[in-house]
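Using the hints provided, position chain B relative to the given structure of chain A.
Residue numbers (this note's numbering), protein chains in the order written: chain A, 1 to 222; chain B, 1 to 222.
Simulated from the structure, these hints should not be mistaken for lab results.
Hints are not guaranteed to be accurate.
[Claimed, not checked] Within a straight-line C-alpha distance of at most 25 Å, the following computed DSS-like cross-link-like pairs (lysine-lysine) qualify:
#1 A/Lys132 with B/Lys133
#2 B/Lys100 with A/Lys136
#3 A/Lys133 with B/Lys15
#4 B/Lys15 with B/Lys103
#5 A/Lys57 with A/Lys103
#6 B/Lys133 with A/Lys184
#7 A/Lys132 with A/Lys15
#8 B/Lys100 with A/Lys133
Protein chains: 2
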Amino acid sequence: TILESPAGAALGGEKRYVTIMMTDLRGFTSTCEQLPAEDVVTILNIYLETMTEIILKYQGTINEFIGDAIVVVFGAPILRDDDAQRAVACALEMQVAMAKVNKQCQVRGYPWVEQGIGINTGEVIVGNIGSKKRTKYDVIGHNVNLTSRIESYTVGGQIFISQSTVTACGPIVRITNQMEVMPKGIKKPIIIYEISGIEGQFNLFLPEQEVVQWVELSTPLP
Amino acid sequence: TILESPAGAALGGEKRYVTIMMTDLRGFTSTCEQLPAEDVVTILNIYLETMTEIILKYQGTINEFIGDAIVVVFGAPILRDDDAQRAVACALEMQVAMAKVNKQCQVRGYPWVEQGIGINTGEVIVGNIGSKKRTKYDVIGHNVNLTSRIESYTVGGQIFISQSTVTACGPIVRITNQMEVMPKGIKKPIIIYEISGIEGQFNLFLPEQEVVQWVELSTPLP
Chain A
1 TILESPAGAA LGGEKRYVTI MMTDLRGFTS TCEQLPAEDV VTILNIYLET MTEIILKYQG
61 TINEFIGDAI VVVFGAPILR DDDAQRAVAC ALEMQVAMAK VNKQCQVRGY PWVEQGIGIN
121 TGEVIVGNIG SKKRTKYDVI GHNVNLTSRI ESYTVGGQIF ISQSTVTACG PIVRITNQME
181 VMPKGIKKPI IIYEISGIEG QFNLFLPEQE VVQWVELSTP LP
Chain B
1 TILESPAGAA LGGEKRYVTI MMTDLRGFTS TCEQLPAEDV VTILNIYLET MTEIILKYQG
61 TINEFIGDAI VVVFGAPILR DDDAQRAVAC ALEMQVAMAK VNKQCQVRGY PWVEQGIGIN
121 TGEVIVGNIG SKKRTKYDVI GHNVNLTSRI ESYTVGGQIF ISQSTVTACG PIVRITNQME
181 VMPKGIKKPI IIYEISGIEG QFNLFLPEQE VVQWVELSTP LP
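Just chain A, same shape as in the assembly (with noise of 0.2 Å):
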């Protein structure tokens, strides 16, 4: 089941060493309890129409979606170098796309969406997974997971990212922010980054988010 298949992809399995990228719409499930399931079920299609174009332009492989969530490989089952560089930019370009995504939502009332962002690099087992009825092309081990983890730590608007992923893209990575975490069946603490533009060929950043200003106050507030 994915979407661009080579002929040859291997059946048995590999380990493999790609860039992953889940995402998912932070908060929704709540927000589903409060909706008629139409609304959500469109909400879900604009949102999955938008980011599956863009994933296919940074040559993303759609493993699924889950619900609200997208599970996307780069790496496999074609590797390239600038795999975590493109995964970086995907997040980078799906984050900005929100707006249009919300805007789509505005005018038919449905209310506003946000979708947070994990990705994480490094090896993987890949292959044919499944039964004789029913095979698809699957990513499996702990990277996944804690992918998975990474995501979770987001707020919407965010993307984090691993040390691994961090160093695989290199210098042309803004990173804004970092943060020590210790995700469930990790032995250790890890470092996330938070990120906010990719330089370089890709050149794409976040829209400046706004500065609250702390003014110092000469008298407490009564």
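Frame of chain A; chain B shown alone:
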């Protein structure tokens, strides 16, 4: 991508009362790291093949395979009176069938694998979700997330079901244990039930577990 999709499955999205089952191979990700990729994929395919057959026998709709996890819906697209009971019976037969899976693993020299299963009953949104190029019949909503949380409390060999599934099944389910848990995203603690069998037309039970006999010593061990 459902195996048996009748014509006329809702395109636009609708609310449905269903029973959701999620399974995975507990601890399998760690096992993966120590095995050749081909062996990992072979184990998964033995497991998924065996389970798919059982799920179809109980008229479950396989929503997706996610690595070593299976997401199954009973009650959509086709609603039946005994959705919850069939889900529970299916889970029991799936646990019993792990002996067969492990026999096949053993002859190939693979490690032992163990399955955890979580089941929950409630309202979800179902519909055809995705992009023009890639649509799937999917289920979303907090009851889907809750099923995943319930499954996460299992260790290998266990089946945990929610209160709503117990209620939907009626008195034919054999409950062996219960625990209060507080899953992420839930506002107050819930009780989940460990089950070992179902009576009535299904009449299926897990093999008796070895009972550890605690012997009262008249004098303490040195």
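Tested hints:
no.: 1; hint: A/Lys132 with B/Lys133; verdict: holds (24 Å)
no.: 2; hint: B/Lys100 with A/Lys136; verdict: holds (23 Å)
no.: 3; hint: A/Lys133 with B/Lys15; verdict: violated (28 Å)
no.: 4; hint: B/Lys15 with B/Lys103; verdict: violated (42 Å)
no.: 5; hint: A/Lys57 with A/Lys103; verdict: holds (22 Å)
no.: 6; hint: B/Lys133 with A/Lys184; verdict: violated (35 Å)
no.: 7; hint: A/Lys132 with A/Lys15; verdict: holds (22 Å)
no.: 8; hint: B/Lys100 with A/Lys133; verdict: holds (20 Å)
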